[in-house]
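A.B. asks: Listed below are the residues making up each chain.
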Amino acid sequence: MIKITPQKVALAVAAPLAAAVVSIVVSSLAVMASHKSPMLAYKTMWEFGTQGGSLMEMLNQATPYYIAAIAIAVTFRAGLFNIGVEGQLRLGALFSAYIGAMFTLPPVLHVLAVFIVAMTIGGLWASIAAYLKVKRGVNEVISTIMLNSLAIGVTSFLFSKYFAVITEGSNNLSTKELPKSAWFPDLVPLLTKLGVPEQPGGSINGMLVIAIALGFIFWFVVNRTRFGFELRASGANPIAARVSGVNSKRMTFIALVISGAIAGLSGLPAVLGETHSYNMGFRSGIGFSAIAVALLGRNSAGGMAVSALLFGFLEVSSRSLELIDIAPETYVIMQGSILLSSVIAYEVVRRFKLTLQSKELAKVVTA
Amino acid sequence: MKIKATQLLLNGTYLLLLISIIRLITGATDLTSVGTASAALLLSVPIILAGLGGLFSERAGVVNIGLEGMMILGAWAGGFVGSKHGPWLGLIAAVFFGAVGALLHAIATISFGVDHVVSGVAINIIAAGLVRYLSTILYQGGSWPGPSQSPDVNPISVNGLPVLSGGHFFGWDSPDILTPIAEKHWFLISDFIGILRGITGDLSYVTFIAVLMIPLAFFILWKTSFGLRLRSAGEAPVAAESLGVNVYAMKYAGVLISGGLAGLGGGFLAIVAANHYQENQVAGRGYIGLAALLFGNYRPGGILAGAVLFGFADALQLRDSASIHALILLIATILGYLVYRDIKRGKMLSASISAVMSAGSVWFFFAVEELPGQLVTMTPYIATLLVMSLASQRLRMPAADGMPYRRGGLR
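The listed protein sequences correspond, in order, to chains A and B.
Every position in the first sequence, counted from 1, becomes a number in my numbering once 56 is added.
Every position in the second sequence, counted from 1, becomes a number in my numbering once 795 is added.
Just so you know, the hints here were simulated from the structure itself, not pulled from any lab data.
Just so you know, not all the hints are guaranteed correct.
Stated by the list, open to error - Cβ pair distances, simulated, as ranges: (1) B:P950 / A:I380: 36 to 44 Å; (2) B:G1096 / A:W102: 50 to 58 Å; (3) A:M88 / B:N806: 57 to 65 Å; (4) A:Y218 / B:T801: 24 to 32 Å; (5) B:L1144 / A:T281: 31 to 39 Å; (6) B:I1129 / A:K217: 25 to 33 Å.
Glycine residues also receive a C-beta, built at the ideal position from the N, C-alpha and C atoms.
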């Protein structure tokens, strides 16, 4: 039986609240440094950001962040850190756009086939880091960073040399467009059918559904299955895990490969839902922002959803800052300060809780 | 593990001989030219500084993935202050900015016990975002190409070894004996002289200072009581505290020095290696510095070896892709040596893997005339991965590296 006391509620709220306060102070200072009123900035952002179109855009931004953050969280739970999501998702996106356009299948099957391509490529690329970690003892943080740089070189080489076709009447290089059967549907028409008032010009990437489903799967597998337990055990205490029969090397390998496979998926919202091809304008930096999303969300399915939405909101709403002559890049300051202050705040609260527990324990013992 | 000086000299000679042979076979003269050697040194310096930064931090027990971010801060500050107040003040600003980044890392990890890798990655993300923001608001409406680049910084003067490599001393222009020999392309001799001329001539004073940091770091860490205390904080903090060492202070010192050195490395990139700050200038060199630290087994000499290796790969990649093509043959030879070693040790599986890779490299060498640019730029990263995978088993990191420490044994 868990009792909910005011003290517990206060502790749960304390960390996010403190982080929010610190980041508001820091961002306000940044805005004031360019001689503008922070209140006006926040008001403009809020008004712009809460419009229907902006909210949809926020969801579209958050979708790849969330999928990529889940990929990172898988390794985090196993005591590892996959920084290579950026490379894995780029390779996944390129190959799925290229291979997906080579054949036609019935609608749902085609999308599934592309998913498998993306996951295989992402997983294979991550398996290099996994092999190096398990067999050669190379720190996965360093190897995934190097593999990121390699993946960016390899994709740009393959893309410009072999995969790209020149579309007539434009300078934009891109892979052959995917057949309609591989397109992921827009959610807006569906929502209109369900009676939600239509927003002109807006769209919601259908991959949002996949992201939500992945969130549930992640939560269930990590917290409710034996596999998830072994994953967490090998992360929390590798020696104890080995003693109790968990093959922690195997878990390390599997965790990195699964992470790469999920990371491969996070390039697909753009490929299947927006551009229907891989082109030169493929958004970079998703994998790095996702690290921040995962850290901010404490690697829990719910927390990462909130932080992915927050990051999406900040990015979309800050575009309005240009109207009042403030650099839209201010959002980077907001994201960064939230990230660092929340990481610290969570640790402070954790320590405070420990102190409280030991005090209570002391009371029980002496009584 | 300590390697004897004679052994080191012998290995160096073998390597030089091998490279000379490959130069002779492939005709890739840039492999050992003066220009390549000098560029290799120039490109090694930021990695040396980052690696030494990592050394101070990790010897004090704090893992510092944030080196990259501190270098970014240093590079930006170097470009900004340097373009306004001259290169030397720019370098000082770079050190200061790097140390500010390090202070954040120190507060998070030492005072609050945040996971070191988490904090470091957070610092990297924040640093990249912060400089982008600062560039946008400060360089907006400026000259071409806009907010991604700082105005130019005045260069720092260069000098060389007297008599041998040219140079200027008190108004006297010294002769340059080595360059004509290097240009003769005599087997082995010109190769050696070329490298020697490259690393002793046209040196920036900053390069000189940076290279001096290596013995200085060794001296501070291993020959002073401060160094002993700092290392004790990274090996056995509880024991150190019980003997009266202020572990927190030592860790703070280590991390701050680390940030200063990384910042200097960033400033070097902006001011000496280039003549302005540019977005993505650091391009993972902080991470490569960390890799050099691991490769060098947490020792200054090892860092130098690692940094030179990456600097060499980087220099070749920048100067001449034909040389990279020749380098494939070098990789094939090294893999061939591994096959021999593994067979001798009876490891047939890894021997066959190496054999396949070696044969693949040889095939690749003959199949491809010239490497495309996108692949050539990957050379330093491939070198890092290869070297890490070959070297990392006999590493011995500081015993308490990466562990949060709290006075009184609390967690």
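A.B. asks: Against this structure, judge whether each hint is valid.
C.D. replies: Here is how each hint holds up against the structure:
1. B:P950 / A:I380: 36 to 44 Å: At roughly 41 Å between Cβ atoms, I380 (chain A) and P950 (chain B) fall inside 36 to 44 Å, so the hint holds.
2. B:G1096 / A:W102: 50 to 58 Å: Given about 57 Å between the Cβ atoms, the range holds.
3. A:M88 / B:N806: 57 to 65 Å: With a Cβ separation near 59 Å, M88 (chain A) and N806 (chain B) satisfy 57 to 65 Å, so the hint holds.
4. A:Y218 / B:T801: 24 to 32 Å: 50 Å, violated
5. B:L1144 / A:T281: 31 to 39 Å: Because 33 Å falls inside the window, the suggested range holds.
6. B:I1129 / A:K217: 25 to 33 Å: 28 Å, holds
Checked against the numbered hints above, the structure breaks only hint 4 and satisfies the rest.
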